[in-house]
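Spelled out, the chains give:
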Amino acid sequence: MIGKSTPLTRFWAEYRENKIAVLALVVVVLMILLALFAALISPQNPYDLANLSLIDARRPPGFVGSGGYTHVLGTDPQGRDLLSAIFYGLRISIQIGLAAGFVSLTIGTTLGILAAYLGGRIESLIMRLVDLQLSFPAILLALVIVALLGQGKTQLIGALVAAQYAYFARTAYGAAKAERGKDYIEAALAIPLSGRLVVMRHLLPNCTPPLIVVATVQIANSISLEATLSFLGLGLPVTEPSLGMLISNGFPYMMSGRYWISVYPGVALIILIVAINIVGDQVRDQFNPRLRR
Amino acid sequence: MTEPVLFVDNLKTHFFTRAGVVKAVDGVSFELAKGEIMGLVGESGSGKTVTGFSLLGLVDAPGRIVEGSVRLNGTELTTLSGAALRSRRGREISMIFQDPIATLNPMLTIGQQMKMAIDAHERLSDRAAKARSAEMLTQVGIPSAAARLRAYPHEFSGGMRQRVAIAIALLHRPSVIVADEPTTALDVSIQAQILYQMRDLAAETGTAMIWISHDLAVVSSLASKLAVMYAGRIVEQGPTATLLRDPRHPYTAGLIASLPATAKPGTPLTQIPGTTPSLLSLPPGCPFAPRCANSADACNEDPQMTVKDQRGWRCFNPVGRNAEVSA
Amino acid sequence: MLGFIIQRFIQAVLVMAVMSVIVFFGVYAIGNPIDIVIPPDATQEIRAEAIRRLGLDRPLYEQYYYFITNLLQGDLGRSFVYNMPVLELIGGRLPATLELVLISVISATFLGVSLGIYAGYRPDSWVSKTIMAVSVLGFSVPSFWVGLILILFFAVNLGWLPAGGRGETVEIWGVAWSFPTLNGLSHIVLPAINLALFKLAMMIRLARAGTREIMLTDTIKFARAAGLSESTILRRHLLKLISIPIITVFGLELGSTLAFAVVTETIFSWPGVGKLIIDSIGVLDRPVMVAYLILVAFLFVSINFVIDLLFALIDPRVRQGAVA
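Protein chains in written order, with our numbering: chain A, 1 to 293; chain B, 1001 to 1327; chain C, 2001 to 2324.
Think of the hints as simulated: they come from the structure by calculation, not from any bench. Warning: the hint list may mix true and false statements.
Derived CB-CB ranges, DEER-like [as the list claims (entries may be wrong)]:
id, chain 1, residue 1, chain 2, residue 2, range
1, C, Ser-2302, A, Leu-148, 17 to 27 Å
2, A, Ile-122, B, Val-1066, 50 to 60 Å
3, B, Arg-1127, C, Glu-2168, 48 to 58 Å
4, B, Asn-1073, A, Asp-285, 42 to 52 Å
Idealized CB from N, CA, C, for every residue including glycine.
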């Protein structure tokens, strides 16, 4: 094949060799599309209470409800079409995962690079805090914050960010610190290049590969953590159920054999998380020179 | 003439990587008599270390020996089963490495590590094993050896650690020991000590030695014969003195010319132009031709080993006195 | 060696002090402190009395002083809901959690390390690939979901195992334990699997990565060159070298499993501290929340301290002060 060999095309060529990773990537893209176009493809708007009827509640998959169409995956305790609820739930889960991921990325990277660049007291203050927090389980931190701040989208994202920014800070710090110690940075500062230029041109680009890996994993973790909190009843309000909330709503009915209310949203959640993790794994392996052959 | 302790014929070790087949060792032949010391010289990436590992059957995946023969004391090693090969490693042939800090296990005492090496081949009581270990340590020049058996590697200096590694390799008095740049990581003064100690030990025990090095100067003071490797093959071999005085292969000549001792004070050292070729994309014909001042049309063919008076070279246009054009 | 222990002990005390400050400001300063000690339905007089008694009209540093002195005397307040001292309440629930956590982490470690070493030793065999696939699943699937599926299959559909509770318990030294009775043991199986799965995945990954790296080192090559058998190399060299990262992670995981038990205990109605804290958050029983946080922080710090001591016992370089 004739074509330009940029780092990106080489990266893709290597990525393509792992068939499972390609499949996972396709799944992730598909899930995002489903979430984006939820309103177009869902048979029902699950947030529109006027649309819901309790007569249709907890019906098994294949049931033809009062709306006149088949509930392919059955209905939930409020009489929502489960398939529609899953599409909308995906949307909320992905939204929150991405939002929490990007805010954590920004805050964490800024702190990490600042610590590495400035050094001294600020460095040890920031990194001590980060390390202390890292030794503390994320779920517990999120739990406490949600408990203190109350429930809602902003609070939830805040809790997820508080629980996860430290991973980004550690990663950015590690990469930036290694680069900061090199002679050419000292030389650049001695010229003197402005500090901002050194950070933007040298430190930040060197942190990018590990940060991409951490970001992938942390977005998956955010989604999972959000689902867990929602399951424990500490997530979002019931009116806009995320996947975790849907699962939680169905849990009490599981014992009586109405498995679908919990199981189908769960399957969607797991496919999403596993696919993101597989993509993340592949990217990490490709960035890791020690595993190269 | 008696059968040599080690006989290597047309050994080929290839690595099957994602990017293609790397012919790290590609047709290496030599033999080693009892107690003989051979220097295996080449740039990094020339395949000398892989040659060493191939002799012991310790090539890691994705590499393997694809062709050739390694005969040790009359036994063919390349076709042996894993267990049979293992029983020969450490007993008939052993190896020491460049970095003594990395070779010893930091979590085990010297005594424990020596005991493990003994147990691999012999049933000895604890007391007898300790006595043997202490004796071996004394031989390689470690003072108050019996007490040092309880020490951990970090309590030794780099030179002392390398002596410990040598002692472990010599525990069973093997016929052949492969030394892969064992002094490169050490201070120059300690280098010389260990070098001559190894030579004396080899002479005492009758152990033959393959001394792998990129440093022609170090090897030539030690080895009675030399083999020069380039791009996975031996391009010239013969008695050390002859080779140094009168090299045939242009690459050998280049190596000798770049030695500081051969240059006039105040003049820049001679260099070999170009760099080692990638083993993935070797040019057809002689791999040295692109860097060679003597290259000619004939060099598009692969030169075979020309053997004459105990020495051999792989070149169509050899250099030096009395050089004859073969082809 | 003694210097090392003292140094680590001082560090532990410092971390604990920092944690108390964070918890204090987190709960007393950010949340409304009155809500922490007074039930929401209390009368105005009781509120005023409480403010005076707690010195909430005093500056923050004085409040912190009271908080700490009470804490050091083991007084963490009373639960509104259970109307008993928080410490007693938590103390009564702790054995159930510890039992679950220890069984999970220990079995996950033994199984995970063995599987991980195998997967790292033969990375290309199909068994290893299966092991890794399972670990990816265990790593990414949220643990509450695994719990649901376990209940659905083993409790609802098959009816083999109970879906919740502790079952029969036996008192040993005045504390109730489930594991000595067959019925108790059957109750512990599902939650233990649920809690262990994530740890198992983690241990597999860790052991595999460690094994792959160690097997490529000169230490292993040198051992092979000396003719050591593969089983000796694995038993004596690899296990010894891999123990350092494993023990570190074991310690960290013990702590985080205590936290994760929150989820498992909720799903399986396991009456431990995790279930207690979720219930307390639900009804805003804040003294219990504060006490739980302090307790978890204390457990964390203690575990880390013990791990440091273990290091000193295992690694000769640390023991002899070669590295700090």
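Cross-check of the supplied hints:
Look at Ser-2302/C against Leu-148/A: about 25 Å separates their beta carbons, and that is inside 17 to 27 Å. The hinted window of 50 to 60 Å between Ile-122/A and Val-1066/B holds, with their beta carbons roughly 58 Å apart. Range check, Arg-1127/B to Glu-2168/C: Cβ separation about 55 Å, and the 48 to 58 Å hint holds. For the pair Asn-1073/B and Asp-285/A, the beta carbons lie near 44 Å from each other, so the given range of 42 to 52 Å is met.
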